[in-house]
Each structure stands twice: as C-alpha cells, then as structure tokens.
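**Student:** Residue numbers (my numbering), protein chains in the order written: chain A, 2 to 194; chain B, 2 to 194.
Some hints here could point you the wrong way.
Note: identical chains are not told apart, hence a pair may lie in one copy or across any two.
As the list claims (entries may be wrong) - Capping the alpha-carbon separation at 27 Å, the derived lysine-lysine pairs in DSSO-like fashion look like this:
#, residue 1, residue 2
1, LYS125, LYS193
2, LYS6, LYS121
3, LYS87, LYS118
4, LYS45, LYS75
No lab work stands behind these hints, which were simulated from the structure alone. For clarity, every value in this text was computed on a predicted model and none was experimentally measured.
Number of protein chains: 2
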Amino acid sequence: MMDTKEKILAAALALYNEKGISATTRHIAASMAISPGNLHYHFKHTDDIILELYSRLAAEMDQLVLELGNGDVKHFIQASFLVVYKYRFIFLNFVEIAAEIPSIQQHYFQLFKRRGKEFKRIFKILVQQGYFRDDIPDAVWTALVNQVFIVGDFWLSNNELTRQLEGKEAATAFYKQMDAMLYPYRADTLPKP
Amino acid sequence: MMDTKEKILAAALALYNEKGISATTRHIAASMAISPGNLHYHFKHTDDIILELYSRLAAEMDQLVLELGNGDVKHFIQASFLVVYKYRFIFLNFVEIAAEIPSIQQHYFQLFKRRGKEFKRIFKILVQQGYFRDDIPDAVWTALVNQVFIVGDFWLSNNELTRQLEGKEAATAFYKQMDAMLYPYRADTLPKP
Numbered sequence: 002m003m004d005t006k007e008k009i010l011a012a013a014l015a016l017y018n019e020k021g022i023s024a025t026t027r028h029i030a031a032s033m034a035i036s037p038g039n040l041h042y043h044f045k046h047t048d049d050i051i052l053e054l055y056s057r058l059a060a061e062m063d064q065l066v067l068e069l070g071n072g073d074v075k076h077f078i079q080a081s082f083l084v085v086y087k088y089r090f091i092f093l094n095f096v097e098i099a100a101e102i103p104s105i106q107q108h109y110f111q112l113f114k115r116r117g118k119e120f121k122r123i124f125k126i127l128v129q130q131g132y133f134r135d136d137i138p139d140a141v142w143t144a145l146v147n148q149v150f151i152v153g154d155f156w157l158s159n160n161e162l163t164r165q166l167e168g169k170e171a172a173t174a175f176y177k178q179m180d181a182m183l184y185p186y187r188a189d190t191l192p193k194p
Numbered sequence: 002m003m004d005t006k007e008k009i010l011a012a013a014l015a016l017y018n019e020k021g022i023s024a025t026t027r028h029i030a031a032s033m034a035i036s037p038g039n040l041h042y043h044f045k046h047t048d049d050i051i052l053e054l055y056s057r058l059a060a061e062m063d064q065l066v067l068e069l070g071n072g073d074v075k076h077f078i079q080a081s082f083l084v085v086y087k088y089r090f091i092f093l094n095f096v097e098i099a100a101e102i103p104s105i106q107q108h109y110f111q112l113f114k115r116r117g118k119e120f121k122r123i124f125k126i127l128v129q130q131g132y133f134r135d136d137i138p139d140a141v142w143t144a145l146v147n148q149v150f151i152v153g154d155f156w157l158s159n160n161e162l163t164r165q166l167e168g169k170e171a172a173t174a175f176y177k178q179m180d181a182m183l184y185p186y187r188a189d190t191l192p193k194p
C-alpha cells in the first residue's frame, strides 16, 4: 500500500498532467479527499511537490541512459518517451518551472552537460561498431546531442501546438521522429560507391 | 511618429520579453505612462495584444520563407533567429499561450502544415541543385522539417534551461546548431568513393 506521501505525489502528477501547473495544494488535497493540513504536513508548497517529481523524472532518465550503455538505441528512444509522457507537465511547462524553481534550472544544466558527454561517448562507440558514419566532425556530434535534447524535451510541446496526439499514437510519432533524425548519420544508409 | 496602438504593442513586447506573460494591461500602461483607460481603448484584453504580436511574428516569418525561395539557407537561419529573438516571449511560453488563445493554436497548426510542404519543396530543389544528398527517403525529409520547427521554436527554451546566452552569442550558437543539423544531409560532406 502506498503511504500518504506517495499518494500525494501520484495525485499531483495526475492533476498537473491534466490541468497544468496552476493547480494548488488545495486542489491536490481535494482530488484525493484528504485535508489541506494533511497534505501540508508532507509538502509545504507545490514547489516541493514539483521538485520531488522532477527528481524522480531525472532518476528514471538516469536509469535509461545507464541501460543505453548496451547500445540498444531503439529501446532507449521508446522507453525515454514513456518517461517523458509520464511526467509530461514538466516538459510542457519547463521554462516556467525552471524560472520558478531555480534548483531545477541548475540541476538540468548540470545534467545537460554531463549527459552530453555520455551521449557523445555512446555515439563514438556506435561509430566504432560501424553503426554510425566515421566521417562526421566532432562539432556535428555535439550539435546532434543538443538536437536529441531539444527534440526529446520539446516534442510534446510541438505536438500540443499541432496534432495533439495521445498515448500510443504519440509514442509512435515520437519514435519515428527520433529514428529519422539519426538516419543520415547511419553508415548503412550511405550511398554505395 | 508611432501612434498609441503601435506604442502599446512595442511596450508590451518589451515587457513580455523581460518579465514573461504574467504582465497585465495595467503593467503595460504603467510602463509607458499612459492610463489603463487609454490602453483599454485600443486593446480590451492582454490576449488581444498577444494575438496581434503573434500575427506580426507570423507575417515576418512568412516574408523570410518567401525570400528563402532563392535558396540562401545561411541568410534564412540568421534572419529567422532575429525574428524568434524579437518575439522571444511567445516561444518561451508557446504551449501556455496557445492553450489560453485557441486561435493561435489553430493558426500555428495550419502554418505548420503549410510551411512543412514549402520546406519540403525547397529541400527538393536543393537536392536537384546538388546541395543535398539525393538518396534520402521522403519520410526522413518530413522528419527534418519537423526537426527544423522544433529546434527553431524551442532552441530558446533549451537555452533558458542551460547556458542562457543572450544577443549575439545566442544568435551564433543558434546558427551553429541549425547549420550542423543540416550537415549530414549535404552532398558535399559524403565520403568520396
């Protein structure tokens, strides 16, 4: 059985995903039929709830990057979308949340730099394994890492502004987007001499 | 001399870019030392101001895409960043603005579809001219168009979450990102047989 703290986080996540981040601690308490005082005992401010949800998102992503060590790009793209979709309110309101909670901006920036190095290392392994082209300059790999971040973080925002796909349809479109993005870097797609 | 309506739009743009979209008509009036009543005579709600600024952004972008017909990709990337930066509050709050003002979401979605076709047509001309590879599948060009949109629209959001570059430094980093993104599609970067 989930303890109250976990139940609050689950209720807040559902509410933020559905209604956006304007939901207050009062709304969250009401949605799970507990008193605002009980919620307040566990989390003083909504910022504390958002920070905890962000930390969990970051931890789940860390785990996926760890597993990417084995080079299964397809699994990584699919699994990472499920994590992004689970915490979608963060991505849909990322700039606003990071401005409101500076520790999230700082954490994200550190993660962006660290993750950038990890991805470049993985890309270079994939070059050595003959999966990626071996003639791409280093600066272009760096840009590809940024691209993967920007499209990964903001694909959902673009989707919200355009087709508004949900669930499985969204997952499929995200996968196709990421997969096609890597296409011209692949060694097996080069024209044969 | 600018008329009052133009002055209001200029003041609102400056304030939104600096402080975000929580600024009210009262703040905008105060920032330009006119009465809220005078502002209200020209614009009933902040939504009307945001909609007008969005329309101008869209018109300036249309003009740039028209000029891209001549195939000067470098000029297009640089000029489009200046437009994005000029109206940066829209890009930094795009999902929220589109949710608040449904006509913006609808307009953007139509523009996204129309512009997608225009870009694909331009990419195909650049293939015929020998600038881009002629072996890229159609679905990958479609994905590249989406990528250009997502990175173009959300590069500033990523920048806000990470390095927070401003002015010329931001423009240079944006150009490098876009330029590197096109690198593996270029015919002249293919390994010689």
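**Student:** Does each hint hold? Answer for all of them.
**Tutor:** Now the hints, each set against the structure:
| no. | hint | verdict |
| --- | --- | --- |
| 1 | LYS125 / LYS193 | both (22 Å within a copy, 21 Å between copies) |
| 2 | LYS6 / LYS121 | neither (38 Å within a copy, 50 Å between copies) |
| 3 | LYS87 / LYS118 | within (26 Å within a copy, 32 Å between copies) |
| 4 | LYS45 / LYS75 | neither (40 Å within a copy, 51 Å between copies) |
Violation of the numbered hints given earlier is confined to hints 2, 4; the remaining hints are satisfied by the structure.
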